[in-house]
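Enquirer: In case you want the letters, here they are:
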Amino acid sequence: MENTIEWLMKFFGGVIFIYMAVVILAYSGMFLFAFLDLKRQRRLDRRELDDRFIDAFYSKPVTILVPAYNEEAGVVGSIHSLLNLNYPQTELLVIDDGSTDRTAEMVIRRFDMVRADKPSESRLDTRRVLDVYRSRIHPNLWLIKKENGGKGDALNVGINFARYPYFCTIDGDSILDGNSLLRVMKPIMTSGGKVVAAGGNVRIVNGMAVDHGVVSDIRLSGRPLVVMQVVEYLRAFLMGRIALSRLNMVLIISGAFSVFSKKYAFEAGGYNTETIGEDMEMVVKIQRLIKDKKMDARVEFVPDPVCWTEAPQSLAVLRRQRRRWHQGLLESLWRHRAMTLNPKYGTVGMLSIPYFWLVECLGPLIELGGYLYVIAAFFMGGIYYEYAVLLMLLFILYGTVFSIGSVLLESWSLNAFPKRRDVLRMMALSLTEVVWYKPLTLFWRVEGLVRSMFRIRSWGDMERVGATKGMSE
Amino acid sequence: MIGVPVTAIFIGVLLLFLVLAVLTVYLFAARALQDRKSKRAEAYLSRNGEIWYRVLRGFEPAPQELVPNDEAELAAVEEIFRAYLTNVTGNGIRERVRAFADVHLAPFYRKKLKSRNWSERMNALYRIEDFGMESLLGDVRKLDRKKLSEEERFQLYLIELQFRPDGFMDRTAGRLGYLSEYESRQLFFLMPENVFEEAAAQFGELDPVLKFGLIEVLGMQQDLMRLPFLEGLLDSPDPEIRIRALRAIDAFGIRTPDQILERAFDSPVWEERFLVARMLRRVPADEAARYASRLRNDPSWLVREEIRAVLVRQRSPEEKSAVLR
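First to last, the sequence lines map onto chains A and B.
This note's numbering puts the first residue of the first sequence at 1, with every later residue one more than the last.
This note's numbering puts the first residue of the second sequence at 1, with every later residue one more than the last.
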């Protein structure tokens, strides 16, 4: 019996150790990629590029889609920010997905909207459209009211109604920096259409001062839970996505801020209305389409255009969000399992999808197992005590060191948080990540896995509280 | 057995924390330096803003005190030049900026052109183009021999075009095939008249991306003298050329000649039919209705929608709502 326990402990210890070593190596590689990329562009005067792209003759017109479901707290601020964008030609479609609060009413009243006709294609099947309104103040602003069908369905309605060849999706509670759309469109414009989808950097707006849809003062939230999410976003966007983008292996660009070619979105069949993670699903479908049809096209992540979005402020809401994200991830990977380790899909099939399976999807299970192992090993003492110390050190390396590294890298290259105090606070909280935030999120993600397996589905609506000064105006 | 990796990893983690601590100190020191630099630039701006106004308006020559002494003051001068060049029109200002930059700023940019950092070189190339520093053309040409990014190479072409336009197409046309459409449009948009003529004369030999750029710029320029050239392109066997030529003709905003409408109505390419449908907006109502009837049952939804919009626009309000229904 003792021998069996010893063998099991050694076996699981070995599995967890090898997994952690592989992940740390992969993250180190991606970190290095991000560092070299950001170092190259760090001193570039981006205003020069902005000035060049702002001319309508050079740029491509974009339809901005804002799906909104019970977003009365943030939708007006979000629309203001989108109306303030420095971009020569846009139309803005707010799609009210059957909200039960005053979302539509607020938009109609605030922007003086009247019923109007707008031509639409019917290439994507959607729930019924109830009404279309157009603003008398901003003729390029439209509101489309439809029956509730989920975010994917709302986006499909928007694509059907979109007038321009590219559409940009923005969450109803998100705020864009003035030049963000210009910057995210840059690879699309300069690649001559080869970049068919691009995503920008999403940051957390909680705690910031927002004035008429513009982030007017950058302040780090006072809540540790929010600060940890800020660090987590920095880490995910700067480390993972830059490297994956350089290697044309992007599988996720945030639905909170991404641009797609309408032609490719139609060909891919639009957003999936059945899946929970419709944004990842869309990107995977486009990557699959590109490889299936051997197209010379790519998906890119652009680090400097910034979209601000509201993050959960309570454990309960965060738990629902993480569960939902993980269910979405697993559903997409499962749906496209034929791509896994399939050479036909190039680096996406051979590297990216296996990485998402192993690290992003099943990783939480192994990592949570690692935590349990550490606890068990501490109690068992002897040689296991050393295993526990070793694993804890790897957790610290994997969690804390990379988080602090990301904060420093961001601060050095993009400097989103100019106040030294904020940078120090993020670093200090990163030191505590391994003991509370990481295990919590791991547990929720494993919960998502379990729920997927038992096909338990709920959207876990994000409770919008207008978590910033001026946002809910 | 496991003691060695534990110790090694423990030391490794400790060392990493030490490195992070050093990087933090470095980061904050760099920020402090940057703050000081910004303050020096602000001081330069408040000290010399008025003088620069008088110099750039041509009321007085530039005194020696305006010459920047370091990077911070250079950044301040760049801000002033950018502001004037962006917001104030007039060749006088552009010429005075050019004269000052050529003499006093060129040494800074010469050094930056040699930088190993891509951003520094790009910024220098942007400034050379913006401020018209012809004295640096030789240095820029030396870069051409090195391995450059596509962005740098394009900037090199823009600078070459600005300072040595004669024979530009002969020297570079064969190397411009890699440009994106955006860059191609920008290049043709900035071309002086004689170089543009040269390019149009070589149209048949140009790379497709250059052909597209040239056609788009013709549409934007709306020069009626060039309309026959565009009409000639409608005979091209390449549907993409025909579509772009039609779009350029549509951009002229004039009533399209009947023969153009006629030939495109029967095109098997829906984009061509769509563009002629759009052109019907500028055709008298009765004629438009006659033409529209030919496309009313077009297989393309976009063409049908455009025809519907044309008809709606030309009807009375009551009729409009009937059509929309």
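If you are wondering where the hints come from, they were derived from the structure by calculation, not from laboratory data.
Note that the Cβ used here is the ideal one computed from N, Cα and C, for glycine as well.
You may find that some hints are simply not true.
When the alpha-carbon atoms are kept at most 16 angstroms apart in a straight line, the in silico EDC-like pairs for lysine to aspartate or glutamate are as follows [what the hints assert, rightly or not]:
#1 B:37 with B:102
#2 A:419 with B:305
#3 A:145 with A:72
#4 A:194 with B:181
#5 A:263 with A:101
#6 A:145 with A:117
#7 A:344 with A:304
#8 A:263 with B:271
#9 A:118 with A:101
#10 A:118 with B:35
#11 A:60 with B:181
#12 B:142 with B:152
#13 A:145 with A:101
#14 A:39 with B:35
Among the chain B residues that face chain A by a calculated CB cut under 10 angstroms, a handful are [unchecked claim]:
#15 20
#16 26
#17 228
#18 232
If you want a taste of the chain A side facing chain B, the calculated C-beta under 8 angstroms gives, among others [what the hints assert, rightly or not]:
#19 40
#20 41
#21 112
#22 189
#23 190
#24 225
#25 390
Enquirer: With reference to the structure, classify each hint as holding or not holding.
Expert: Hint check results:
1. Under the criterion of a C-alpha separation no larger than 16 angstroms, the hint pairing residue 37 (chain B) with residue 102 (chain B) is inconsistent with the structure, at around 24 angstroms.
2. Annotation: proposed proximity of residue 419 (chain A) to residue 305 (chain B) is violated, straight-line Cα distance about 54 angstroms (limit 16 angstroms).
3. Pair hint residue 145 (chain A) plus residue 72 (chain A) holds up; C-alpha atoms about 14 angstroms apart against a cutoff of 16 angstroms.
4. Note on residue 194 (chain A) and residue 181 (chain B): the hinted pairing holds, with a Cα-Cα distance of about 11 angstroms set against a maximum of 16 angstroms.
5. The straight-line distance between the Cα atoms of residue 263 (chain A) and residue 101 (chain A) is roughly 34 angstroms, outside the 16 angstroms bound, and the hint therefore fails.
6. Between residue 145 (chain A) and residue 117 (chain A) the CA atoms are separated by roughly 13 angstroms; this keeps the pair inside 16 angstroms, and the hint holds.
7. Distance hint between residue 344 (chain A) and residue 304 (chain A) is unfulfilled; the C-alpha atoms sit about 32 angstroms from each other, more than 16 angstroms.
8. Between residue 263 (chain A) and residue 271 (chain B) the alpha-carbon distance is near 14 angstroms, which keeps this suggested pair within the 16 angstroms criterion.
9. Simply put, residue 118 (chain A) and residue 101 (chain A) have alpha-carbon atoms about 25 angstroms apart, too far for the 16 angstroms limit, and the pair is violated.
10. With a CA separation close to 51 angstroms, the supplied pair residue 118 (chain A) and residue 35 (chain B) exceeds the 16 angstroms bound.
11. Distance restraint check for residue 60 (chain A) and residue 181 (chain B): the Cα-Cα separation of roughly 11 angstroms lies within the 16 angstroms cut-off, and the hinted pair is therefore satisfied.
12. The suggested pairing of residue 142 (chain B) with residue 152 (chain B) holds, with an alpha-carbon distance near 13 angstroms, which does not exceed 16 angstroms.
13. The hinted pair formed by residue 145 (chain A) and residue 101 (chain A) meets the criterion: a straight-line CA distance of about 13 angstroms does not exceed 16 angstroms.
14. Under the criterion of a C-alpha separation no larger than 16 angstroms, the hint pairing residue 39 (chain A) with residue 35 (chain B) is inconsistent with the structure, at around 20 angstroms.
15. Given hint, residue 20 (chain B) at the interface with chain A, holds; its Cβ is 5 angstroms from that chain's nearest Cβ, closer than 10 angstroms.
16. This hint holds: residue 26 (chain B) has a C-beta 9 angstroms from the nearest C-beta of chain A, less than the 10 angstroms allowed.
17. Annotation: interface hint on residue 228 (chain B) violated; nearest CB of chain A at approximately 23 angstroms, more than 10 angstroms.
18. Interface restraint check: residue 232 (chain B) against chain A, minimum CB-CB distance 23 angstroms, threshold 10 angstroms, status violated.
19. Because the beta carbon of residue 40 (chain A) sits about 5 angstroms from the nearest beta carbon in chain B, less than 8 angstroms, this interface hint is met.
20. Interface restraint check for residue 41 (chain A): the shortest CB-CB distance to chain B comes to about 6 angstroms, inside 8 angstroms, so the restraint holds.
21. Among the interface hints, the one on residue 112 (chain A) is violated; its C-beta lies about 21 angstroms from the nearest C-beta in chain B, farther than the 8 angstroms criterion.
22. Contact between residue 189 (chain A) and chain B, as hinted, is supported at the beta carbon level, the nearest pair being about 4 angstroms apart and thus within 8 angstroms.
23. For residue 190 (chain A), the interface hint holds, since its Cβ comes within 8 angstroms of a Cβ in chain B; the closest pair sits about 5 angstroms apart.
24. Hint on residue 225 (chain A) is violated. Least Cβ distance to chain B is approximately 23 angstroms, over the 8 angstroms limit.
25. Interface restraint check for residue 390 (chain A): the shortest CB-CB distance to chain B comes to about 5 angstroms, inside 8 angstroms, so the restraint holds.
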